[in-house]
Structure formats: C-alpha cells, structure tokens
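Knowing the structure of chain A, use the given hints to seat chain B on it.
Number of protein chains: 2
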Amino acid sequence: MERQGILYVVSAPSGAGKTTLCDAVVDIYPSLGQSVSFTTRQRRGNEVDGVDYHFVSRERFDAMVAGGEFVEWAEVHGNCYGTALATLRQAQQQGRDILLDIDVQGAAQLKRQHLPAVFVFIAPPSLDELRRRLAGRATDSEDVIAARLENARGELEQAHWYDYIIINDQLDAAVASFAAVIAAERCRTRLVYTTLRHRLGLPAAAGIQE
Amino acid sequence: MERQGILYVVSAPSGAGKTTLCDAVVDIYPSLGQSVSFTTRQRRGNEVDGVDYHFVSRERFDAMVAGGEFVEWAEVHGNCYGTALATLRQAQQQGRDILLDIDVQGAAQLKRQHLPAVFVFIAPPSLDELRRRLAGRATDSEDVIAARLENARGELEQAHWYDYIIINDQLDAAVASFAAVIAAERCRTRLVYTTLRHRLGLPAAAGIQE
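If you read the sequences in order, they're chains A and B.
The first sequence: position 5 = 372 (my numbering), numbered continuously.
The second sequence: position 95 = 462 (my numbering), numbered continuously.
The set of hints was computed from the structure by calculation and includes no laboratory data.
Keep in mind that this is a model prediction, so the values were computed, not measured.
All C-beta atoms, glycine included, are put in the ideal place defined by N, C-alpha and C.
Honestly, I wouldn't trust all of these hints.
[What the hints assert, rightly or not] Chain A is nowhere near these chain B residues, computed Cβ spacing over 12 Å in every case: (1) Asp416; (2) Ala430; (3) Tyr448; (4) Gln537; (5) Ile549.
[Stated by the list, open to error] Among the chain A residues that face chain B by a calculated CB cut under 10 Å, a handful are: (6) Gly445; (7) Trp528; (8) Asp530; (9) Ile533; (10) Ser544; (11) Ala550; (12) Arg553; (13) Thr562; (14) Gly568; (15) Ala573.
[What the hints assert, rightly or not] The calculated label-pair distances, taken between Cβ atoms and stated as ranges, are: (16) B:Pro492 to A:Asp429: 19 to 29 Å; (17) A:Gly503 to B:Arg520: 38 to 48 Å; (18) A:Arg499 to B:Asp394: 49 to 59 Å; (19) B:Pro570 to A:Asp390: 42 to 52 Å; (20) A:Thr387 to B:His481: 36 to 46 Å; (21) B:Gln409 to A:Asp495: 56 to 66 Å; (22) B:Pro492 to A:Gly462: 17 to 27 Å; (23) A:Arg499 to B:Pro570: 18 to 28 Å; (24) B:Gln461 to A:Gly503: 46 to 56 Å.
Here chain A stands alone, though its shape is the one from the complex (with noise of 0.2 Å):
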C-alpha cells in the first residue's frame, strides 16, 4: 500500500530566491514534481502545454471557475491563473509530492479550505539585501523597487502562519533546509504508521487517516 502525496505550497516575496530554491530541491528530489497551473495568458517561447502550464481559453478559465473546479485562482495584468483542485487531489492519491509554487494570497485560499499540505515561506535575510537583490535586476525603475518593497512587506507579515520559514541568506543553507524539510515530512506518522502497521501487523490507530 502506497502513502499519499505530500502537497507543499512554497511562497515568498519577490527577490527572496523562490525558484532557485524549487528548482535545487527538484533536482535533489527526482520524484517531486511541480504543480502545473491553468493560464488564460499565450503560450511564450519555449512553453509546453501541460508541462509550463495547462493553457486554456478564458470561456474554459471562467467555466472551470463557475464549477467549482480551482482551489485559488487570480487575475494578473488581465490574465487568469489557477490551480485545479483534480490536479492536487491527483497527485496526492497517486502517492506524488508536488511543489506549488504560489503567492502568500493564494496559499491563503489553500488554508482557509484545509487542504492536507505542508506550508513553506521563503524569506530574505533582511529588507536591505531585498533591496539590493531587487536594485541588482537592472530592468526595474526605483518605483517599482520602491512597490516591490512594500509589497513584501505586506507579504512577509503574512509567513507566521506557515509550517515553515526557511531565510535565504546563504543558498546552499537555504537548500539544505528545504530539502530537510522534505525529507522529514516524509517521517511524519500519518504517512508513515499505515505502511508500518501493514509491515508489522500492528491495529489501526484511532487518529490516523487511511
């Protein structure tokens, strides 16, 4: 009998390290995937539909809406982006720990529905170096840096109620940290004490979902 797949909800402010951090802790864990979101916005580059995102057209975005079909969904400079409920609930009876990469209003959304997950709050080690990380990306304009500040303000007040913060401060820190938390929640007893219980031949426990 196989366990069931762990869900982590990964937020943090712009400039904390988000994806440098998902993507070392994907390819530290071969067997973790990434959630692929729905998207109203067009297909850039290289994208792959399925892979990148599920691209589909604003009557089916809004269709999915109006049933019921997305656990948080939001519209960004006029594009809509969302995340399926089946996708989540998929992964997690096919025994696959995915990673959704996502803002703190999003995951939000996921907490206030109880969904089984594991929340995960990437910060910078002080707003300075968020500056600094923010000022080195040379497109930006002082105001946008100014915006961005402010607007990880708002969301940094927002990581106490994660499971977890991980400070980016050093990467490979970081990285080791993330992956320890993975790792770990992989020990946690509602996952462990059914695969345990069928090995040794123990009772079902009382307060263990199976």
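Chain B only, in chain A's frame:
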C-alpha cells in the same frame, strides 16, 4: 534574540537501533546535546557524574519525586531513573537542542504534560528483522528474546501518537532521515518567526509565543 531550544524525545523498541542513530545525529550536529537523567543506580566503570547520569541517593531521588521535580520517572530492576523538568526547561531557555532517549511509557508521561517537544519513534523494518537483531545478541536466551519481541510489539502499537516515525531499514538512510527531522524542526515557524520579525521590523503575530 536567541530562539528556544528544541527537545527531541526519542523512543524505540529494543533492537531498533536507537542508540546508534542517536549517536550518529549527535555527531552530525555538535550543538545537539543528550539530556542527562537522574538515577539511583551505582556508577559503573568510566561513567561520569553529570555527563552519563546525575547519580543521586535513593533519599534524594524520593525527595525529588515528592517535590514534583520529575516530568517522568520509573523504577527498573530496583533502580530509579528520572528526567528533571529543570533539565529540560534550562536547555529550552538557553536555546540548546537536546535529545531525550526514553522508553514509550516515559515519553507518554511527557506527552500528557504538554511539554513542547518533538516525538520521534525509531522502528525496525519488520518483526522478523527485529527477531534477527535480538537473536544476534548471543547472550540472551530464547525466552528473553520472546519476551523482548512481545514487549516490542506493545511499544510499536504506541508509535501512532509520535510526530515522526523513522523505519530503520538501512542505517545510512535512517540517519539521514533523523538528521532531516532535526534540520527541519529548526525551520519551524514558531521558532523562526520571532528572529525574522526582529530582523525585518515586522509586527508580533498572535499565534507565536515569544
């Protein structure tokens, strides 16, 4: 401001490899100490008072029991063993992480007192393997092995209320899992949020004790 120390309570049936695993993770994390218990038994060979145990008289031990100084204690073969609340509180306040190697009954006493602790259960991969490991200790008779196996079964049935279960099939993998649990628990929001908020000037959060 330093974070609080973490107490890891570790139990396992005899033969599961608990001592080897605990020694291995203490080697990996030099800042991780082992909790020192009080005992009334005689000091043996090169045991050091205050390092291996706090060796005390039966009168002193009884006075500590009467004074409610132990979070758990037990009498085994005429000798008393106990864990002092002060030992755990001091480590917590000083930000020292400690391992407490303790049997299931002792761990259950701690659990009932709602002390902040991470409960880790070390399990053998199967009862056959446990029998092999116990039989490998040539000093024990068949009867002793049978009694230990029966006892192990009773302890394994309690694994369901621990936070983590590490199945010790391959030692290296089990050490890695245990080390991951320790690294992951250090990223728990209740420990990290206060550090983060001081660094970033965030507000206190209602759910986080400081």
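Now the hints, each set against the structure:
Distance to chain A confirms Asp416 (chain B) as a non-interface residue, since its nearest Cβ pair spans about 35 Å, more than 12 Å. With a least CB separation of 37 Å from chain A, Ala430 (chain B) remains clear of the 12 Å interface cut-off, as annotated. With a least CB separation of 26 Å from chain A, Tyr448 (chain B) remains clear of the 12 Å interface cut-off, as annotated. Consistency note on Gln537 (chain B): stated as away from chain A, and its beta-carbon is indeed over 12 Å from all of that chain's, at 14 Å minimum.
A beta-carbon of chain A is positioned within 12 Å of the beta-carbon of Ile549 (chain B); the least distance is around 8 Å. At about 32 Å, the closest approach between the beta carbon of Gly445 (chain A) and any beta carbon in chain B exceeds 10 Å, and the interface hint on this residue is violated. The criterion of a C-beta within 10 Å of any C-beta in chain B is met by Trp528 (chain A), whose closest approach is roughly 7 Å, and the hint holds. Of the supplied interface hints, the one on Asp530 (chain A) holds, with its beta-carbon coming within about 6 Å of a beta-carbon of chain B, less than 10 Å.
Evaluation of the Ile533 (chain A) hint against chain B yields a held restraint, the C-beta minimum of about 6 Å falling below 10 Å. For the restraint placing Ser544 (chain A) at the interface with chain B, the shortest Cβ-Cβ distance is roughly 5 Å, inside the 10 Å limit, so the hint holds. For Ala550 (chain A), the interface hint holds, the least distance from its beta-carbon to any beta-carbon of chain B being 3 Å, beneath 10 Å. Look at Arg553 (chain A): its Cβ gets to within about 8 Å of chain B, closer than 10 Å, so that hint holds up.
Because the smallest distance between the Cβ of Thr562 (chain A) and any Cβ of chain B comes to about 8 Å, under 10 Å, the interface hint for this residue holds. Given the 10 Å rule on beta carbons, the hint for Gly568 (chain A) holds: about 7 Å separates it from the nearest Cβ of chain B. A hinted interface residue such as Ala573 (chain A) counts as satisfied when its beta carbon comes closer than 10 Å to some beta carbon of chain B; here the least separation is about 8 Å, so the hint holds. Against the hinted window of 19 to 29 Å, the Cβ-Cβ separation of Pro492 (chain B) and Asp429 (chain A) comes to about 51 Å, which falls outside the hint.
The given range of 38 to 48 Å is broken by Gly503 (chain A) and Arg520 (chain B), whose C-beta atoms sit roughly 59 Å from each other. A C-beta distance of roughly 37 Å is found between Arg499 (chain A) and Asp394 (chain B), which places it outside the suggested range of 49 to 59 Å. The beta-carbon spacing between Pro570 (chain B) and Asp390 (chain A), approximately 32 Å, falls outside the hinted interval of 42 to 52 Å. About 39 Å separates the C-beta atoms of Thr387 (chain A) and His481 (chain B), a value consistent with the hinted range of 36 to 46 Å.
About 59 Å separates the C-beta atoms of Gln409 (chain B) and Asp495 (chain A), a value consistent with the hinted range of 56 to 66 Å. Hint check: Pro492 (chain B) to Gly462 (chain A), Cβ distance near 19 Å, so the stated range 17 to 27 Å holds. For the pair Arg499 (chain A) and Pro570 (chain B), the beta carbons lie near 24 Å from each other, so the given range of 18 to 28 Å is met. Separation of Gln461 (chain B) from Gly503 (chain A) is about 39 Å and departs from the stated range, judged on CB atoms against 46 to 56 Å.
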